[in-house]
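**Q** First to last, the sequence lines map onto chains A and B.
Each residue of the first sequence is one higher than the one before, counting from 1 in the working numbering.
Each residue of the second sequence is one higher than the one before, counting from 1 in the working numbering.
Calculated directly from the structure, the hints in this document are not laboratory data.
Quick caveat: nothing in here was measured; it's all calculated off a predicted structure.
Among the hints, a few may not be true.
[Said to hold, decoys possible] One side only, chain B facing chain A, incomplete, derived with CB under 10 Å:
1) GLU338
2) GLU417
3) GLN485
[Said to hold, decoys possible] Cut-off 25 Å, straight-line C-alpha distance, at most; resulting in silico cross-link-like pairs (DMTMM-like, lysine to aspartate or glutamate):
4) A:LYS289 to B:ASP45
5) A:LYS599 to B:ASP45
6) A:LYS289 to A:ASP536
7) A:LYS493 to A:GLU570
8) A:LYS289 to A:ASP59
9) A:LYS286 to B:ASP59
10) B:LYS84 to A:GLU325
11) B:LYS286 to A:GLU120
12) A:LYS599 to A:ASP436
13) B:LYS599 to A:ASP45
14) A:LYS286 to B:GLU139
15) A:LYS118 to B:ASP235
16) A:LYS84 to B:GLU234
17) A:LYS118 to A:GLU94
18) B:LYS118 to A:ASP373
19) A:LYS599 to B:GLU24
20) A:LYS84 to B:ASP235
21) B:LYS118 to A:GLU238
22) B:LYS289 to A:GLU94
23) A:LYS493 to A:ASP563
24) B:LYS84 to A:GLU204
25) B:LYS599 to A:GLU16
26) B:LYS64 to A:GLU533
27) A:LYS118 to B:ASP373
28) B:LYS286 to A:GLU238
29) A:LYS289 to B:GLU102
30) A:LYS599 to B:GLU19
31) A:LYS286 to B:GLU120
32) B:LYS64 to A:ASP536
33) B:LYS84 to A:GLU238
34) B:LYS286 to A:GLU570
35) B:LYS599 to A:GLU24
36) B:LYS289 to A:ASP59
37) A:LYS286 to B:ASP121
38) B:LYS286 to A:ASP162
39) A:LYS289 to B:GLU139
40) B:LYS84 to A:ASP235
A virtual CB, placed ideally from N, CA and C, is assigned to each residue, including glycine.
Protein chains: 2
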Amino acid sequence: MRKQFRELAGLDEALEVLEQLSIEPTVEQVDLEAAHGRILAISIDAQIDVPGFDRSIMDGYAVKAADTVGAYDDDPVELIYAGKIVPGERPELEVATGEAAEIATGAVIPAGADAVVKVEDTARSDGLVSIYRPSAPQEYTMARGADIAAGDVVLRAGMHLDARRIGLLAAIGVDTVPVTERPSVGIISTGSEIIRPTEQNRLEPGEIFDINTFSLSSAIEDAGAIAEIYPHAEDDYEVIRDTFEQAATACDLVVSSGSTSASEEDVVYRIVEDAGELLLHGIAVKPGKPTVFGSIDGTPVLGMPGNPISALMNFRLFVSPILREALGIRGGGVQTVEATVALDMDSVGGRTQLSPVGLVEDPERGLLAYPVDKGSGAITSLADADGYLTIPADVHYVAAGTTEQITTLDEQVSYPEVLLCGDPCPVLERAVEGVDTDLRWLDSGGIDGLRKLRDGIADVAAIAVPQSTRADYELEGVETVLTYQRELGWVTKSTRRDEELFTDGATVVTLPRQTGVSNWLNALAEEHGWDLEIQDRPSTEGCVRAVDTGEVNGAFVVRAAIDETGRSFESVGWDTLELVVAESRRDKPGVTRFIEMVKHELESGTSGITHDE
Amino acid sequence: MRKQFRELAGLDEALEVLEQLSIEPTVEQVDLEAAHGRILAISIDAQIDVPGFDRSIMDGYAVKAADTVGAYDDDPVELIYAGKIVPGERPELEVATGEAAEIATGAVIPAGADAVVKVEDTARSDGLVSIYRPSAPQEYTMARGADIAAGDVVLRAGMHLDARRIGLLAAIGVDTVPVTERPSVGIISTGSEIIRPTEQNRLEPGEIFDINTFSLSSAIEDAGAIAEIYPHAEDDYEVIRDTFEQAATACDLVVSSGSTSASEEDVVYRIVEDAGELLLHGIAVKPGKPTVFGSIDGTPVLGMPGNPISALMNFRLFVSPILREALGIRGGGVQTVEATVALDMDSVGGRTQLSPVGLVEDPERGLLAYPVDKGSGAITSLADADGYLTIPADVHYVAAGTTEQITTLDEQVSYPEVLLCGDPCPVLERAVEGVDTDLRWLDSGGIDGLRKLRDGIADVAAIAVPQSTRADYELEGVETVLTYQRELGWVTKSTRRDEELFTDGATVVTLPRQTGVSNWLNALAEEHGWDLEIQDRPSTEGCVRAVDTGEVNGAFVVRAAIDETGRSFESVGWDTLELVVAESRRDKPGVTRFIEMVKHELESGTSGITHDE
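Produce the complete structure using the sequences and hints provided.
**A** So this is what it looks like as structure tokens:
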């Protein structure tokens, strides 16, 4: 018996329901040294004036300004040296008419004086001070309370206590700080196929590692709350219910992942219904439909979908605002950043669509958002997306060039310095390893690299496709900055020569279509008239394994990728790759550095690699 | 005897010297749960394929695609039910021609099957499954390794481990993570006038609270390092030297503040010279000249200026890059953000100038940077600046409208949602207390508010200046969104009426010039022909204190500011304030919310406040 979602709540409705699940902030006092990173619970008024006295802001002489009238470079006023005032002491001396007292920056202006003359504008010999410039009353002094006056509101409730604000608190003598308590969030994972890598590090067929417990606990800590990880609950109703009830008792909020849909095995909504109050089950959001809101024992419970990117997007959408409220953070809800949509983006419509996007900085067009669509459940979206675009249910299409708010997947806006697209290449991979840039490499093939250059998305593309193919993409404003070669050939189990092996209906394997390696093999087979069945595997390692298991007769790979395995390799030829850069990105600091460093790494590298500019 | 800086190093030269002070990253293994927020020390290759098996990405039936050819809505293909496969189990069954096996999302595709038909496109009765749509090979399946293939580089050395990346590590079964060790940074404060608020919370005249120890330790923790605070060293050479030597032995880096200039009392450069190696003393940077670079026992030592904003700017400029390197963070140096300079900014030239700026978002013009110049040593710059503009030594002038890179004072880009300028007002202050926005209030008077509106800096201004004055500012594109009143009058020690008190050369006090209260008093005195000496104090509290000490005869203040003190107050009249908003900012989400909430707070408030739109 399958239970269907009775009625999906719209996103607005879901956000309204969410308001019932708010957590009131509570206050605790912490030492100033421990207040960093916390949220101020109560606005702080200064109890003292800063400075607490009229002070000198220069090294020099405290004087009566009236005494310096008429002082000039070649006709100084001479005053009598009245002593010295150092910072930290209450001056005993008083400056009388005709006198000057030596004073250091930060020291108290002595009684009688109303100005400071900079040391550069004075000279001293014996008991006399020569003043070479007239001074005005209050010059080079700061009045008591001029910086902060007692009674001023120095920091407001809800502020994040960063370095600057901690400094302000110190300035007014605050040694314990009222901050909001960090809410505790219980994390529950469900599903019999889910294995925690921290408990067991080998998988049986059918099993997958638990991602959400760890990504959600990180997100919770980033949001300023405390993550409490509960033991993994498989699919036993009683065990899971017990875990939920324990977490609801101990924590301020419970977040689960998985088992939220309506199938027989998906128990989260039933548990919330049975043990507490189910407020909502199923939201018209794609992805993220299987979401559960409710409470157990008065503690809010939010069930996130099992799909890791959905879980994280729903976290930003629903959990983050609750935590912000619990922490008493003022202002805005989720963190967003404005970006220009780089490509037309479609939506199914009828449901709010959350479309993962990557972000890249274009010096002329500003921040660009490009779609990251790796297909359902792909966890590499976690690596390749920086945020998501929310497309309302009644919008079917967002045109390229539109400016949109992108919700970030991290608590902070964060995207790579350099976006490299194009062909996967172990030679380049090795070079990139030593390069000091924050890099994203989308290595889905040379054609994809050409496309991303054309669309103004890629900073740099690694291209191993023939000029004839390149011509189809009508690339403008691009420049080849580097060319290098890599050796291609066969890995086989036997020692037979390739002509014998691959002429007679053999099965071979290489990297996926659209990679340079696959293009080479196809061209080779055509040239020689070989009758081959060509399979593909996502990685060189997968190709070699297919040889070892006997699934295929040989694997066509890049030498550099198998060099370290010590396998024998039968060379077929050398392939040429180019690094092509979009001219508009040529001067991005990261791109400039990246190109220089890759050149350097390839030059100092081994494996017979050659390159030129 | 004063020692002058012998030769100031240019900024570029200082950055070169800094390269000698780098700290090599070291590696430690931490549990996956503890890896959040750390920096990956070594690139991680996947050891497994993800998924580790061909999996279903839908709930439905696993079939041979060839068996579904010709299936239509009104003419289904009928297949024999072959059993059920749930996630997490290795399927025992095999799908033969003419069969279909029930399969859940995430479950292993059984032998014999090569596609999945969605449950929506099927019906089942007894032992038969009706298929209403033809399926293609591989449809609704994800091949082993299609998401991540064994051998793929999943994360690169130098990456910050955020929620997404922790999720990726979990996905490939990583349970201990090689991260860079957090460098330890010893913090030393110097100066006999400096008091740690954590040790003593009252100041004697001449003393000030220690700010830098706390702001620097926060900045160090934000940067991912560990701050070790050393006991405050006053001005005794031996004690300070001892502290430096201890810190240099125990920590990876030593950062001090204060005592870095060349005066007799400023010992830091001498200690570094005597106990270790002095590499640099004095940099041609304004502010920030008194900076010391060196090493003791091979440990880098950086002496920052005592001025808190200089110390923090120099931290970003010099200490941050060392910490980033020690942590193995890839890419860029300091955190910068692009902004348009809102006002012309001058520089003295000859030295690199670091000019503190605030940041404000303009929906049309993007991020704007406006100068924050509070004068030498003002610590409220810490509250009001978000970053600084670096003006090279040979540039004297940066024109409004120029796009520049602003270095942020925080590790992350951070600026307020709403920038409120204009008149200080306790009534508004009270209303703002309950408003859920991240607000900055620059309350330097109505004229300043008008100026900042005119210059396109302020989002909202609180204005209590006459229309005639306003006209001078030729404001365009602004709108008054709210008007309210506040009561003004006298606080005195005696009970005499104001006419008697203030007609005969009396001395009175009020808030600084350009505030609405001061304007009112001046107009009042002129109207009545009073012969008054009018002083000012930075706060109402200061004004009232001047009455109590007998320095003045009366204080002219806003009633709401003294209401809670229970003092008697002689009303003189009601002043009108307007909240004026720049139309271009009217739709900024924070501004909209701010205006609504201030209205609500003023409406529900007390003190006879009236307002209308």
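**Q** Compare the structure with each hint and give your call.
**A** Hints versus structure:
1. GLU338: Check passed: Cβ of GLU338 (chain B) comes within 8 Å of chain A, closer than 10 Å.
2. GLU417: Cβ of GLU417 (chain B) sits 5 Å from chain A, so the hint holds.
3. GLN485: For GLN485 (chain B), the interface hint is violated, since the closest Cβ of chain A sits about 21 Å away, which is over 10 Å.
4. A:LYS289 to B:ASP45: violated, 33 Å
5. A:LYS599 to B:ASP45: holds, 24 Å
6. A:LYS289 to A:ASP536: Violated: LYS289 (chain A) and ASP536 (chain A) sit about 34 Å apart, past 25 Å.
7. A:LYS493 to A:GLU570: holds, 11 Å
8. A:LYS289 to A:ASP59: violated, 68 Å
9. A:LYS286 to B:ASP59: holds, 17 Å
10. B:LYS84 to A:GLU325: Judged against 25 Å, a Cα distance of about 45 Å means the pair is violated.
11. B:LYS286 to A:GLU120: Roughly 17 Å between the alpha carbons, so the hint for LYS286 (chain B) and GLU120 (chain A) holds.
12. A:LYS599 to A:ASP436: Holds: LYS599 (chain A) and ASP436 (chain A) sit about 13 Å apart, inside 25 Å.
13. B:LYS599 to A:ASP45: Distance of about 24 Å is within 25 Å: holds.
14. A:LYS286 to B:GLU139: The hint holds at about 20 Å.
15. A:LYS118 to B:ASP235: Holds, at roughly 23 Å.
16. A:LYS84 to B:GLU234: Given pair LYS84 (chain A), GLU234 (chain B) holds - Cα atoms ~19 Å apart, limit 25 Å.
17. A:LYS118 to A:GLU94: holds, 19 Å
18. B:LYS118 to A:ASP373: Distance ~21 Å between LYS118 (chain B) and ASP373 (chain A) Cα, so the pair holds.
19. A:LYS599 to B:GLU24: Cα-Cα ~24 Å, so holds.
20. A:LYS84 to B:ASP235: holds, 17 Å
21. B:LYS118 to A:GLU238: At roughly 30 Å apart (the allowed maximum being 25 Å), GLU238 (chain A) and LYS118 (chain B) break the hint.
22. B:LYS289 to A:GLU94: violated, 32 Å
23. A:LYS493 to A:ASP563: Holds. LYS493 (chain A) to ASP563 (chain A) sits at ~16 Å (cutoff 25 Å).
24. B:LYS84 to A:GLU204: holds, 18 Å
25. B:LYS599 to A:GLU16: holds, 23 Å
26. B:LYS64 to A:GLU533: holds, 21 Å
27. A:LYS118 to B:ASP373: holds, 21 Å
28. B:LYS286 to A:GLU238: violated, 68 Å
29. A:LYS289 to B:GLU102: holds, 22 Å
30. A:LYS599 to B:GLU19: holds, 22 Å
31. A:LYS286 to B:GLU120: holds, 17 Å
32. B:LYS64 to A:ASP536: holds, 21 Å
33. B:LYS84 to A:GLU238: OK: LYS84 (chain B) and GLU238 (chain A) at ~24 Å, within 25 Å.
34. B:LYS286 to A:GLU570: Violated: LYS286 (chain B) and GLU570 (chain A) sit about 64 Å apart, past 25 Å.
35. B:LYS599 to A:GLU24: holds, 24 Å
36. B:LYS289 to A:ASP59: holds, 14 Å
37. A:LYS286 to B:ASP121: holds, 20 Å
38. B:LYS286 to A:ASP162: OK: LYS286 (chain B) and ASP162 (chain A) at ~24 Å, within 25 Å.
39. A:LYS289 to B:GLU139: holds, 22 Å
40. B:LYS84 to A:ASP235: Holds, at roughly 17 Å.
Violated hints, listed in ascending order, are 3, 4, 6, 8, 10, 21, 22, 28 and 34; each of the other numbered hints is respected by the structure.
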